[in-house]
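Asker: Keeping the supplied structure of chain S fixed, place chain Y upon it in accordance with the hints.
Listed in order, the protein sequences are those of chains S and Y. Heads up: the first sequence begins at 1 in our numbering, then just goes up one per residue. Heads up: the second sequence begins at 1 in our numbering, then just goes up one per residue.
Take the hints with a grain of salt, since some may be wrong.
Just the calculated beta-carbon pair ranges, DEER-fashion [said to hold, decoys possible]:
hint, chain 1, residue 1, chain 2, residue 2, range
1, Y, Glu-402, S, Val-448, 39 to 45 Å
2, S, Gln-168, Y, Gln-171, 51 to 57 Å
3, Y, Lys-455, S, Arg-456, 52 to 58 Å
4, Y, Ala-361, S, Thr-169, 17 to 23 Å
5, S, Arg-395, Y, Ser-428, 37 to 43 Å
Below are the BS3-like pairs computed for lysine-lysine, each with C-alpha atoms no more than 27 Å apart in a straight line [stated by the list, open to error]:
hint, chain 1, residue 1, chain 2, residue 2
6, S, Lys-296, Y, Lys-296
7, S, Lys-31, S, Lys-417
8, Y, Lys-403, S, Lys-335
9, Y, Lys-296, S, Lys-338
10, S, Lys-338, Y, Lys-31
11, Y, Lys-123, S, Lys-296
Bear in mind the hints are in silico, worked out from the structure with no lab data behind them. Idealized CB from N, CA, C, for every residue including glycine.
2 protein chains.
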Amino acid sequence: MKTVILCGGSGTRLWPLSRTLFPKQFYPLFKGHSLFQRTIERNLSHTSEFIIVVNQEQYFMAEDQFRALKVTVPARFILEPEGRNTAPAIALAALAVNSSDEMLVVPSDHLIQNETAYQVAIKRARVHAQQNQLVTFGIKPTHAETGYGYIEATGETVVSFREKPDTQTAQSYLASGKHFWNSGMFCFKADTFLKALATHAPKMHEACVLAWKGSSQNSPARIDSALMKAIPADSIDYAVMEKSRETKVIPADMGWSDLGSFDSLYEALPQDSDGNVHDPQTLHLNSHRNLVVADKRFVATIDVDDLVIIDTPDALLVSRRGSAQKVKDVVAALKVTKPELTHIHTTAHRPWGSYTILEDAPNFKVKRIVVKPGARLSLQKHAHRSEHWIVVDGRAFVTVGEKTFPLERNESTYIPKGEVHRLDNRESEDLILIEAQVGSYLGEDDIVRLVDDYKRI
Amino acid sequence: MKTVILCGGSGTRLWPLSRTLFPKQFYPLFKGHSLFQRTIERNLSHTSEFIIVVNQEQYFMAEDQFRALKVTVPARFILEPEGRNTAPAIALAALAVNSSDEMLVVPSDHLIQNETAYQVAIKRARVHAQQNQLVTFGIKPTHAETGYGYIEATGETVVSFREKPDTQTAQSYLASGKHFWNSGMFCFKADTFLKALATHAPKMHEACVLAWKGSSQNSPARIDSALMKAIPADSIDYAVMEKSRETKVIPADMGWSDLGSFDSLYEALPQDSDGNVHDPQTLHLNSHRNLVVADKRFVATIDVDDLVIIDTPDALLVSRRGSAQKVKDVVAALKVTKPELTHIHTTAHRPWGSYTILEDAPNFKVKRIVVKPGARLSLQKHAHRSEHWIVVDGRAFVTVGEKTFPLERNESTYIPKGEVHRLDNRESEDLILIEAQVGSYLGEDDIVRLVDDYKRI
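Chain S on its own, in the form it takes in the complex (with noise of 0.2 Å):
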């Protein structure tokens, strides 16, 4: 069977965690394995190739950290240059593959912590998808949550989708037995799929054959900007799902949480004997239940209860657990004042590794840069900076104007102002290297490149 993986999610409800140009799939939540790892985990054993939908500015992530699992089945990457929800982005893995192939698809940003149940229910499922079916899971409510769609289901039959309800009618959903949330995740064969597209958007089946058709279709399978911008955006639910007639659906209890909010991290994560989630460099005086999320800092917290405490290198959230959703008007506040904090974190990943900021002053930055084995940065020049370059792990080849040579650990090298340069790594370990950036600007978008590995030019 393929596996699907959906990474479109970049919500900010996580923030300061998750950020736009890092959505929380992808950040260390579980013992430095991130929600999509742990996706990708857990369909191991039923899958023979993963089709990871993705847009393109994450692709570098999703690469990064499947290839640090080191698993053996392999992975194929398709890349949006933008989000068209979630239909285009199942119709186009559909497309990738033999008309004929099953296929599981699974968002990248949910929690399931009973793979039993969840290996139970997919077992089931694959059995309605060989008889050309579209079958979606509905997972057993737990509470009366107003922020889902539901399911009504008799046995796994599909008596109607429900929009996300009034709290009065979750209530009703929750004693009824027959009510499921919608968890996003599908099973049935690849030309079931598409033609039921065909059939009930058509438009969107035809823009997505298209775009298909005009975009590399080598992994990574870069999707044409044009002609996925001519794709309709719809979700999978809208477009076919409630309008066909061939479904089914697996009800099935396996710890699902979609981790939407502090709250609901809170309750997927361990809690020690005060009901205190936290890591271990922290210290907690008389406190209970709260969340902390720390990166490096030390946090200590006294006579404290019910507190979600996100710590990260620019910014820090101290909110009351139960107001998560508030979380967003945080974001909207910012969006107005300090965008760069929504943005993107004081670590910023790339294709060929990363950069951290360490001092961000007016005429100068200095940045810590890694770069992975093998990979090399653009060739490129700056018009109003210059940069010293030290290795302080690693081994560099740098060129600098005319000339190429080998930096070692502890070794400098400076590039002037307007002068060509590259960083390359051909080790097979990580190159560490200190940046000390001088001049009158200092943006990001300084920057020409003449050649580049990543066609970002």
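Answerer: Only chain Y this time, still in chain S's reference frame:
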């Protein structure tokens, strides 16, 4: 009049703002000014010379902060190699001035919000001081505080000094109208105090005279370490005031606070309409009566009340307001597990300026170094690390081995492991340097000083 400022306080009750090497009187809590600076400013009008008694480790900080005020009243510094409580510190100051000089003695870490009342009280105290009295100042209690000593008075006559009371006694003191908080401020002529000391604590008097005679008496006067150790440690209250009959007390209501906890800091700082005390770069949604002290990072709160949130580059404290006394328990725990967090900030002050640790990795370290105009580091070498220096602002004069040369902005140099070197700022502006250290051991104790302007060899 000479104003003697006692800078001996070294507590960590305001941790993580205050650290052992950075006591609270030096933290810029008030629009960029510290309590020490506020103390200088409030005493300018009646002072012909400041006598500043400070631990030698904190001298450069006190001197920097004094100089930054650009006041015309001169200051003399007396550097204690270790603290011996208030009586010896005041005795050394009394020995430093003329015997007929009037002295006003004030702590450096208290806040006084009603400066008119303060000036009125000082005027009244001087009348008694000129008549050879030992004058103390009694603060009119605003609540039944059990953490302070009290003075019982009839008018300006001291009836008795009282130890820290229990709650019931403190309530009776509050009701009496005759009991005042012992503020730790004094006024007397130098010879009045020295005579009283010779009478009531003759060994201390003798040891102080020996220490003063045996030390360099210029500014800064550096008290000899062995002679300082020989002085019995005691407070002025126990050693002199409680034993003397030549005492007066000036009752005053001057908006006094010792800022001994975050609770009193909250009361002392301006609150917004929601009762929050915070910096402008923070955002508070439906949050009330919180004390938020942020360094550089953005802080957001949601639906939280009555919290203390103290954000520093390497440690975060979140406490309930009213639980400030438990900060000492956090500090006690940290002294075992992470002592450096109680000792020093990521920015460390040095006689020549300061350094800030930007990155501290196992085999490399990055610092921003600021060298004051006209200052230079010691001529030094390191056994285990090489250093790369990049000038990002100002102009350096650098010694590396046999060579001495200028290093301009946007220039760099390299100091191999074991090589003698020196960093010197001969300009009238700060020199800012990025230093990348590379080596197997990067501790601050890997230093051999060959020549030093600050007598640290």
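Asker: Of the numbered hints stated previously, which ones are contradicted by the structure, given in increasing order?
Answerer: When the structure is compared with the hints, numbers 4, 7, 8 and 11 turn out to be violated.
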